[in-house]
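Protein chains: 4
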Amino acid sequence: MTVARTVELEGHIIDSGMMQQCFGVVMDLGGDFDVEVFDVGTHKDAESYCRMVVTADDEDSLREILHELHQHGAHLSDPPDATLAPAPRDKVVPQGFYSTTNHPTKVRYDGEWLPVENVEMDCAIVVETGGDGSDDGPRAYTKVLNAIEEGDLVVTDEAGVRVDPPERPRGSKGPFGFMQGGVSAERPSASLIREIAESVAETKAEGGTVLAVAGPAVIHSGAGDALARLVREGYVDMLSAGNGFAVHDLERGQYGTSLGLDVETLESPRKGHKHHIYTISEIIRAGGIEAAVEQGLVEDGVMYECVVNDAPYVLAGSIRDDGPLPDTITDAVEAQNAIREQAREADLVIMLSTLLHSVAVGNCLPSTTRVVCVDIDPATVTQLLDRGSAQAIGMVTDVGTFVPKLAETLVDGE
Amino acid sequence: MTVARTVELEGHIIDSGMMQQCFGVVMDLGGDFDVEVFDVGTHKDAESYCRMVVTADDEDSLREILHELHQHGAHLSDPPDATLAPAPRDKVVPQGFYSTTNHPTKVRYDGEWLPVENVEMDCAIVVETGGDGSDDGPRAYTKVLNAIEEGDLVVTDEAGVRVDPPERPRGSKGPFGFMQGGVSAERPSASLIREIAESVAETKAEGGTVLAVAGPAVIHSGAGDALARLVREGYVDMLSAGNGFAVHDLERGQYGTSLGLDVETLESPRKGHKHHIYTISEIIRAGGIEAAVEQGLVEDGVMYECVVNDAPYVLAGSIRDDGPLPDTITDAVEAQNAIREQAREADLVIMLSTLLHSVAVGNCLPSTTRVVCVDIDPATVTQLLDRGSAQAIGMVTDVGTFVPKLAETLVDGE
Amino acid sequence: MTVARTVELEGHIIDSGMMQQCFGVVMDLGGDFDVEVFDVGTHKDAESYCRMVVTADDEDSLREILHELHQHGAHLSDPPDATLAPAPRDKVVPQGFYSTTNHPTKVRYDGEWLPVENVEMDCAIVVETGGDGSDDGPRAYTKVLNAIEEGDLVVTDEAGVRVDPPERPRGSKGPFGFMQGGVSAERPSASLIREIAESVAETKAEGGTVLAVAGPAVIHSGAGDALARLVREGYVDMLSAGNGFAVHDLERGQYGTSLGLDVETLESPRKGHKHHIYTISEIIRAGGIEAAVEQGLVEDGVMYECVVNDAPYVLAGSIRDDGPLPDTITDAVEAQNAIREQAREADLVIMLSTLLHSVAVGNCLPSTTRVVCVDIDPATVTQLLDRGSAQAIGMVTDVGTFVPKLAETLVDGE
Amino acid sequence: MTVARTVELEGHIIDSGMMQQCFGVVMDLGGDFDVEVFDVGTHKDAESYCRMVVTADDEDSLREILHELHQHGAHLSDPPDATLAPAPRDKVVPQGFYSTTNHPTKVRYDGEWLPVENVEMDCAIVVETGGDGSDDGPRAYTKVLNAIEEGDLVVTDEAGVRVDPPERPRGSKGPFGFMQGGVSAERPSASLIREIAESVAETKAEGGTVLAVAGPAVIHSGAGDALARLVREGYVDMLSAGNGFAVHDLERGQYGTSLGLDVETLESPRKGHKHHIYTISEIIRAGGIEAAVEQGLVEDGVMYECVVNDAPYVLAGSIRDDGPLPDTITDAVEAQNAIREQAREADLVIMLSTLLHSVAVGNCLPSTTRVVCVDIDPATVTQLLDRGSAQAIGMVTDVGTFVPKLAETLVDGE
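Chains as they are written, first to last, in UniProt numbering: chain A, 1 to 414; chain B, 1 to 414; chain C, 1 to 414; chain D, 1 to 414.
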C-alpha cells in the first residue's frame, strides 16, 4: 500500500534546474512519480508549470521526499498555513524552526501568501499577525538567531512555506550568464571588465546603489586612487571594509606608503614599517577618521572621499586588527548588523580581494542581488559565488590592474 | 512561414542534464518546441524518452538549433546515413569533418548504427566499408589528425552521428557521485581515501586494469615507496610518467635522495644537488632502466618494481627534461601514441600530482573510464575533472600522505 | 666634513644575517664603515662580535643609518638611557613612540638594561620606574595601543633600546631548520610529520605547553576525532579557534555531520544542511558548551574533550559567524586579549588551516616561540612564516591526513 | 692532528650572501676558520676580499668543507689546473664529471683561467685544448649530456673550477631589487608594470634582444592583440611558445574565438568548440604558419606579426598537443636545442603564464640574464624565480590586463 501527494512546480523550472533536481530527488529516495500536467514556457521569459503525483511506500518516505522537493522549490498543490510557535526566551528559537534560504520566500498565513521581508540565509521567519486593533495587516520577516525575542511567533517546519529559486541566466547573454561554466583565470580580462563597467553604469542609471567590499590588497596593489575616484565620481555609494583597509588607505594619505612601501616608486622609505602603527595612533589622537579629515590630517584616499562625499562606510573589526581605529566596530554582532543594513540597500555589490568581509556581506544578501567578485585566488572566487546567487560575475584577476581599468572605463569612458 | 523537424532524446536524459540543456538551446536560439511524447524512467536505471517537434523561422536557424541539440545528445527521429569524404592527403582531413567528443558514439552507415571504436576527443571518424571481397563488415573508429592517411573515408558534418552523453551518478552513492558539487580541500580525507581504495579493489576484483599517472612530486613528497608497493602488490598495473619522475625515483634508489634531499631524514647530503644529474649519467652508461636493474644498479623504487613485475611504463619526454634517460620517448607524437595505447586498456586511471601527463592521458580517455585525480592544487583538480567524465573523483590533498594511506588500506586492509 | 659613530654587533651576527644586513644598510645609504674588531664565533653556539665606526656626510644621514642599523640589531657602543614620555590620554601614545618588533628587547633605564616583558610586535613599551616607596625595582613591558593609559611612561625614539634578532637554525638540523629554503608542497610528508611529532613530544617532555589554533577545515576534512584525541591524551593543552570551528565540531557530535555532510560515509543526510544552525540553537538553548556537555547533549569531539580535560579554549568571534554560540567572544579587542594570554603561555603553537586565527595568534607571539603551520594553500603558509620567527616549520599538506597521522605517531608511537 | 687549507672569497661577497654562507658551511661541518684578511668594499660597486684558513679534523672532512665552499663561490688560494677526462662513448660522461651551475664560471687550464662559454645549469664542461697546429687557443664550453661525443675532454671534480655567484641587487633600487622579499600578489601593480616597461625600453635602447615566452592563457585572457602589437612595434624580438599558444592565436585570427569563446564579446558562437581543431586542420592543409600567412589565411595575431616582422619563433611540442601544427618541433631534445639557441641570444626574457615553457627556457639561461616572470599563480612565480637569477622580477598578476598595460606604456608612452 502506497501513499501519494500532488506537488506543483512553477516558474523557471527548467532554467533553474528545478525540474531535473525534483525528478532526481524522487528517484534517489525510492519514490515514484506521474507527471499529470507539463506546460513548458517556450519563450525566454515564459514560465513553465508541472504538476505531478508523488508516490512512496510509507508516510515517512513520502515526508522525506516532500522535504527535499520543498528545498528545490516544489510545493504542495493544496498548501496549509504555516505552523507558528512562540520563542521561549530571548535568542532561543522554538525547536524545529524553519531555517531560511537566500531565495525569495513566501509564508502562508490565514490562507494568504505573505512575502518574507529581508530575505537572508540561515535565519528564522517571524510572523506579526497584525490585528490587535492596529491597522497593519500581517507581515513576515527574517530574524537572525541572536535577535529573537521571547514570544516572537516563529515559523516551524516547512509546511506553508514557498521558496522561489532564481533562474540561472541563460546562454551567452552578457557577463552575468558567463560564470556558469566555473571560475578560471583564463578569461578575456579586458572584455569582462568592460561588461562589469556596464553593469555598474546600468545600476546607477536605474537609480540603484553600489556597495564596494574592499580588502587591504586594494591599497597594497596600488588601486586605492582608482577606488577613491569611483567614490568621488559617484559610482560607488557605500563601502564595507575592515580596520586594516582603512589603516593602509590612511597611511597612504599620510605617508605615501602602504605597509611601509611606496606604491608609486616601489621604494621602502626608512622607518616605513612603522607608518601603519603611527597612522593608527594619529587617527586615535585626532578622534577618528572624520575628525582627521576635518583637521586636515587626511587629504585624499578612499576614506577621505567617503567622508567628503557622504558615502556611508562600515569598518568591521577582526582579531587581526592593529589599533583599532575609533571608527572600527569591534563587536562582531554589532558589525554584522551594520553590514546587514548596508547589504539590504545594495543593488550591486562589488567584492574586491577580501574573503572575510565578502562572506560576511554575502551572508546577508538575498539571491537576487547582483554580485561581482574579484580576487586573484580562484578558490576565493569559487567559494564566494557558490551561494546560489542568481546574478553573479566572478573574475580571477589582479585588483591592482582591475580597479584602475574599471575606473577608466566608467569615468573616462575608455 | 516556419520550418520544423522532429527530434528524439533517449536514455538518462534527465540525470545527464540532457533535457534541460536541449530545452535551453531551443529557447536561446529563438526556436519553439512542442513535446509530443515524454516518458520518464522513474527508476534509477530506467531510461526516459522524449520526442519533440522543433520549429524555427528559417532553415538556417533550424540547422543551428539542430547542431546544438546534436551536441547535447538529441538526434533526428529519421536519421540519414553519415556523409563520408576521402582524405585528400596524409594528415589532411576533408573540410567540415566531424570532430569527436569523448562520449560513446555511433555512426549510421548503410542504414545500420556502427559503434565508433576507440572513442577519444577531437578526432576524426574513419569508416571502413568492408566489402572488397573481405569477410569483415563495415567498421568505424577514431583517428587523430596526424594519423590520417590519404583516401581514408572520413565522416563530415553531424548527420548520421549519434552521441550518448553519460548520466551523472546520482545522489550520495559513493565517491564517484561525490564530486558533483565542485572541488574543495574541505572534504573528509580519510573517508574519501577509503572509498578510492574500494574502487581500486573493485576494479581489480573485476579483472580490470589500473593505470597510475605520476608526477615527480610523488617522489619528492616521500610517497615513492608506497607507489612501488602498489605496483609490487598488483594494485597498479601500468605507469604513465615523465623523465623527471623516473630520474627522481632512480635517484632515491641510488642515493636515497630526491633532488638532493633525503626523504627519510630530511638531510641534504653534501653534493646532493648533483645526484639527479649523476643518476641520469649512470643510467645512460648502463644502457637504460631495465639494464640498470639487471646490472644491480637499481634495487628498489617504482621503476624497479615496474621492471621486475612486468608492469608496462611509458616515460614521455618534455622540454623540461634533463638527460633524458634512454627510456624516455622524446617525440611528442610517438609518446602520445604510447599513452593512447595504455589509456585504452585502462579501466581505472589514478592521476597523481601531474597536470601535464594527466591532461595527456585524459585526452585519450573515453568519458566512460573511471578517473581518480589527486593534487594539492584545487585548480589542477578542477581542470582535470572538467572534461565530461562520467565517473571521476577529485581529491585535493597531499600525495605524500595520500599514497601511503591508500597502500595501507589496500595492502594491509587497514 | 663627516660625522661618525661607533656601533657594535653581538651574538649570532652571521647566522642571523645581521652582519650582512648591517653592511648593506651602510652601503645603501651612502655611508662608510671601518671594521675595528671582528671576532667570529667559530663554533655553532659561540657568539660573534663586531665593532665598526660608521661615517656619513652629515648628522641626518648618520641618524638614518643608525636607525636602520638598530632595526637589524646593531647598537651604539655607548648607549644612552631610553627616552620616556607620558601618554597624554588613554589609548593615545606620545608622538614618536617606539614601536616594538617581536624579538627579545631590552630598554636602558638608569644605566641598566631592563628586559622588556611580554614581547610582541607593534606595541609601545611602558616603563614602570619602581620607587615610590615600593620595593619593586623598575620594569619594562609592552602594551598594545588600546591598552595605553594616561600617564603611562612610554619609550620614544630608539635610543636606549636594544633588539636581539634570533639566529636562524643552521643547516640540516631537523625540521625547524628545514623551512629556510621556502615553502613548497613537494616535501617528504611522512618524515616531516614525524619530526613535528618529535617536537611536540619534546615540548611536552620539557613540561611545555602546546596550543592548537584550528580552523573549521579540521572538522570538514574529518580530522576532528584525531584532534580530540590529542587533547584527551594531553598533547594539546589549549585551543584557539572561532565560532565556526566549534559549531562544526558540535554538529559532528550531535548529528555526525559537518556542514551537513557525514564525514565518515560521505552521505549528505536529508535536512543535513540545517544541522549547523540547529546545533547553534541547541547550544544556545542549553546555555553554552560546558552546560551542553554537562547535560549530555554533547558526548564527544574536540570541544567535549577540552571541557572534560580542562583544556582552556578561546573562541574568537568574527563577522562571518552564525549564531554565535554563547561561548564566543564577539568583541575583537576582548578576544585579542584572551588570545594574547594564551599565546604568552604557549611553548609550541600548531596552526591548522586557519589564516585569520593564526595571524591573530601569531601577532601576539615573540619570535622565540616555536611555531608549526599547516595548510593546503602555500600562500597561507608563506604568509604565516614570514614574520621573523626563529623556530618555524611550515608544511603544505592536507589537515585531513596530517592530524590523524600526527595523532597516530604521538599516541600509538607509530 | 688537524689539516688546513687557505681559501679566498672575492667579489660581492657580502651582498651575494657568499660570506655568510661560507662561514655557516664551515661551522655546520664541524670545521674551524681563521680570517686572515678581510677587506670590505664599502661602496656599492666595490668588491670585497676575504682570505681565511679552514681547519678540519681529517682530510675527508676538509674535502667535504671545501666542496661546499666551492659551491658558494670560495676558491683555493693556490688553485690547480682542472682535471680532464675523455668521454668513453657518445652521450656518456666520465665518472665524477663536474656538473655546472648557471653562474659565470672559469676553468683553469695550463695555468690560465678560461671563461666557460654558454654557461647553463646541469651541463658538463668540455675543454678544447687548441694546439694541434690550429691557431685557436684553448677554450671551454658547456655541453648537455645528450650532446657529449666520445673523446670530448670533460672536466671532472671541482678543482680548478671557479664560480662567481652574482650579487643580489641591493635595497630599493628599482624592480629587479624588489623581488627579494618573496613573491606576493599584494604589490603595487601599475608601478611595477611601469618599471618592467622601463627595463624593456632600456634593453632595446642598449641594442638588446627581448624574448617573450608565452602560454595559451595570453590568448584566452584576451592579451593576444597587445602581444602582437609588441612584436609589431619591435619590443619583442623572439617568441618561445608551444603548439597550443599558436593554435589559439591562429584560431582567434580565423574565427575570432579562443577555444571557442569570442574574447571580445564573451559570446560562444555555435560550433565554437570545434574551431581549434578546424584551425589546426586548415594550417596543416596550408602547409604551415608561414604558408598560411602568405596565402592570406591568417591576417593578424601574434604568429602573423612574427612572420611578417621576421621575429623568430620556436614552437615546442608537448604530449598535450592537438594536431600538432607542422611548425611544432615534436622532439623534446630538438626543441630544447632550438630553445637553447634563442635563450643564449636573449638579454631580457619575459615569461607570460606558462610554467612548462618558462622552466625549459630558464634551464638554458645563465644567472646573468634579466628575467621578468608574470603569472596569476604565486607558486609558479616562486618556482621560476627560485633559480639563483641575479636579475629577476616576479609579478603575480593577470596577463589579460598586464600585457595590454605594458603595450600601452611602451608604445603609447602612457
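A few of these clues could be false.
[To be verified] When the alpha-carbon atoms are kept at most 16 Å apart in a straight line, the in silico EDC-like pairs for lysine to aspartate or glutamate are as follows:
no.: 1; chain 1: C; residue 1: 91; chain 2: A; residue 2: 327
no.: 2; chain 1: D; residue 1: 274; chain 2: B; residue 2: 59
no.: 3; chain 1: B; residue 1: 91; chain 2: D; residue 2: 282
no.: 4; chain 1: C; residue 1: 274; chain 2: A; residue 2: 157
no.: 5; chain 1: B; residue 1: 274; chain 2: D; residue 2: 282
no.: 6; chain 1: A; residue 1: 143; chain 2: A; residue 2: 327
no.: 7; chain 1: A; residue 1: 91; chain 2: C; residue 2: 282
no.: 8; chain 1: C; residue 1: 143; chain 2: C; residue 2: 164
no.: 9; chain 1: A; residue 1: 274; chain 2: C; residue 2: 68
no.: 10; chain 1: D; residue 1: 143; chain 2: D; residue 2: 122
no.: 11; chain 1: C; residue 1: 274; chain 2: A; residue 2: 341
no.: 12; chain 1: C; residue 1: 143; chain 2: C; residue 2: 90
no.: 13; chain 1: D; residue 1: 274; chain 2: B; residue 2: 120
no.: 14; chain 1: C; residue 1: 91; chain 2: A; residue 2: 282
no.: 15; chain 1: A; residue 1: 91; chain 2: A; residue 2: 117
no.: 16; chain 1: C; residue 1: 274; chain 2: A; residue 2: 122
Honestly, the hints are just simulated from the structure, not real lab data.
Evaluated hints:
1. C/91 <-> A/327: Distance of about 14 Å is within 16 Å: holds.
2. D/274 <-> B/59: violated (22 Å)
3. B/91 <-> D/282: holds (11 Å)
4. C/274 <-> A/157: This hinted pair holds, its Cα atoms lying about 12 Å apart.
5. B/274 <-> D/282: Given pair residue 274 of chain B, residue 282 of chain D is violated - Cα atoms ~46 Å apart, limit 16 Å.
6. A/143 <-> A/327: violated (26 Å)
7. A/91 <-> C/282: OK: residue 91 of chain A and residue 282 of chain C at ~11 Å, within 16 Å.
8. C/143 <-> C/164: violated (19 Å)
9. A/274 <-> C/68: holds (12 Å)
10. D/143 <-> D/122: With a Cα-Cα distance of about 9 Å, the restraint between residue 143 of chain D and residue 122 of chain D holds, given a limit of 16 Å.
11. C/274 <-> A/341: Answer violated: residue 274 of chain C to residue 341 of chain A is near 25 Å, above 16 Å.
12. C/143 <-> C/90: At roughly 12 Å apart (the allowed maximum being 16 Å), residue 90 of chain C and residue 143 of chain C satisfy the hint.
13. D/274 <-> B/120: holds (14 Å)
14. C/91 <-> A/282: The given pair, whose Cα atoms are some 11 Å apart, holds under the 16 Å limit.
15. A/91 <-> A/117: violated (20 Å)
16. C/274 <-> A/122: Within the cut-off at roughly 8 Å; holds.
This entry does not satisfy hints 2, 5, 6, 8, 11, 15, going by the numbered hints stated previously.
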